[in-house]
Amino acid sequence: MNLRPYPSACRANTTTLVPRMEHITVVSARGGLEEARHRVHAVAVSDGEVVAAAGDPAHLTYFRSSAKPLQALPVVRARPDLEDAEIAIACASHLHRSDQLEPVRSLLAKAGATEQALECGPEPTRLEHNCSGKHAAMLLLCRERGWPTEGYRLASHPCQAAMAVEIEAAAEVTSPPTAVDGCGVPTYALTLERAAHAFSRLDSLDGGRRVADAMRSCPELVRGDGAPDTELMRLGGGWVAKGGAEGLLCAARDGLGVALKVEDGAQRPLGPALAAFLEQLGFDPGELGSACVTNSRGEVVGEVRALRNEAAR
884 MNLRPYPSAC
894 RANTTTLVPR
904 MEHITVVSAR
914 GGLEEARHRV
924 HAVAVSDGEV
934 VAAAGDPAHL
944 TYFRSSAKPL
954 QALPVVRARP
964 DLEDAEIAIA
974 CASHLHRSDQ
984 LEPVRSLLAK
994 AGATEQALEC
1004 GPEPTRLEHN
1014 CSGKHAAMLL
1024 LCRERGWPTE
1034 GYRLASHPCQ
1044 AAMAVEIEAA
1054 AEVTSPPTAV
1064 DGCGVPTYAL
1074 TLERAAHAFS
1084 RLDSLDGGRR
1094 VADAMRSCPE
1104 LVRGDGAPDT
1114 ELMRLGGGWV
1124 AKGGAEGLLC
1134 AARDGLGVAL
1144 KVEDGAQRPL
1154 GPALAAFLEQ
1164 LGFDPGELGS
1174 ACVTNSRGEV
1184 VGEVRALRNE
1194 AAR
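Converting from the sequence shown to this note's numbering requires adding 883 to each position, the first position being numbered 1.
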């Protein structure tokens, strides 16, 4: 495996592959007046090479929940009998709907664990925490490997050591910077180029096709209606996608990996920015670019849109 020193070689790798293009600018307008403006960086990678970029492909950010499909790989390999819904929820940032909580309970049952064993914290309960599927899958992995479950979220635990191996192998980096994610497990800093590269390889990784196919078959479990990752997978064509906190989204199709990051961490620009970047890549974005601003009555009072043919300032 050709592991790159991190992150300096990643920056060197992105400076000469493609011409530098302006970042994607997304605006929120109400009544014809622009109220907010967001800068979005985006990159597409195929066969380890940057094939398109907007903004800075070497932008460094934490992988956050976009890492979940990779974090699901060890348990999928350990338990090939898992249902699609169980795998999809392990990769999800769910909205604690009843159909999403059912596969979390199923994973807990297979792990011989209760809700109290989940170390994701209560939001509003441990089961309803949007990362409970990932945590239940980690508990199941501990059971299969014979590891203690207490403290499975900590960087010093074998479970998280296994997660680090998966992230480093997929992104082909060594010792990326780490921090603690919102649910208590480690998260890893990657350049957008490396995040896109990791996703571009998902289908080819051991257990990756199983993970990707489960997400494609159950996109509504991964997030929900209107979410860019869910809606991109619903477009078909083989897309697999996962969003992350602070305005991150990663996706892949046919060996092409894509990563987008909203510079200010907002989530609402992701759909329009993703649509604009997909069009640049020659894909039909469907309705991903349509984002409305609504008031508390549910009335449409504005729109969020990517600016076209305008240099970002």
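Please keep in mind that the hints were generated in silico from the structure rather than gathered at the bench. Quick caveat, the model's predicted, so the values are computed rather than measured. Some clues are possibly wrong.
Okay, the calculated beta carbon distance ranges per label pair [said to hold, decoys possible]: (1) 997 / 1029: 13 to 21 Å; (2) 1147 / 1120: 46 to 54 Å; (3) 1027 / 979: 36 to 44 Å; (4) 1148 / 917: 16 to 24 Å; (5) 999 / 1029: 18 to 26 Å; (6) 1148 / 1173: 18 to 26 Å; (7) 1177 / 1058: 40 to 48 Å; (8) 963 / 1029: 44 to 52 Å; (9) 1169 / 1190: 16 to 24 Å; (10) 1029 / 920: 20 to 28 Å; (11) 1029 / 1169: 20 to 28 Å; (12) 1173 / 914: 12 to 20 Å.
Note that beta-carbon positions come from the ideal geometry of N, C-alpha and C, so glycine has one too.
Does the Cβ distance between residue 1147 and residue 1120 fall inside 46 to 54 Å?
Cβ of residue 1147 to Cβ of residue 1120: about 30 Å, so the range 46 to 54 Å is violated.
Within 13 to 21 Å or not, the Cβ separation of residue 997 and residue 1029?
For residue 1029 against residue 997, whose Cβ atoms are near 19 Å apart, the range 13 to 21 Å holds.
Could you see if the CB distance from residue 963 to residue 1029 stays within 44 to 52 Å?
18 Å, violated
18 to 26 Å as the expected CB spacing between residue 1173 and residue 1148, which holds or is violated
22 Å, holds
Given a hinted range of 20 to 28 Å, is it respected by the beta-carbon distance of residue 1029 and residue 1169?
46 Å, violated
Range hint 16 to 24 Å: satisfied by the CB atoms of residue 1169 and residue 1190?
20 Å, holds
Quick check: does the Cβ-Cβ distance between residue 999 and residue 1029 fall within 18 to 26 Å?
For residue 1029 against residue 999, whose Cβ atoms are near 21 Å apart, the range 18 to 26 Å holds.
Falls inside 16 to 24 Å, the C-beta gap from residue 1148 to residue 917?
Roughly 20 Å apart at Cβ, these two residues keep to the hinted range, so it holds.
Do the beta carbons of residue 1027 and residue 979 sit within 36 to 44 Å of each other?
Because 26 Å falls outside the window, the suggested range is violated.
Pairwise beta carbon distance, residue 1173 to residue 914, judged against the given window 12 to 20 Å
18 Å, holds
Could one say that the CB atoms of residue 1029 and residue 920 fall in the range 20 to 28 Å?
At roughly 53 Å between Cβ atoms, residue 920 and residue 1029 fall outside 20 to 28 Å, so the hint is violated.
Is 40 to 48 Å respected by the C-beta to C-beta distance linking residue 1177 and residue 1058?
45 Å, holds
In the structure shown, a violation is registered for the earlier hints numbered 2, 3, 8, 10, 11, in ascending order.
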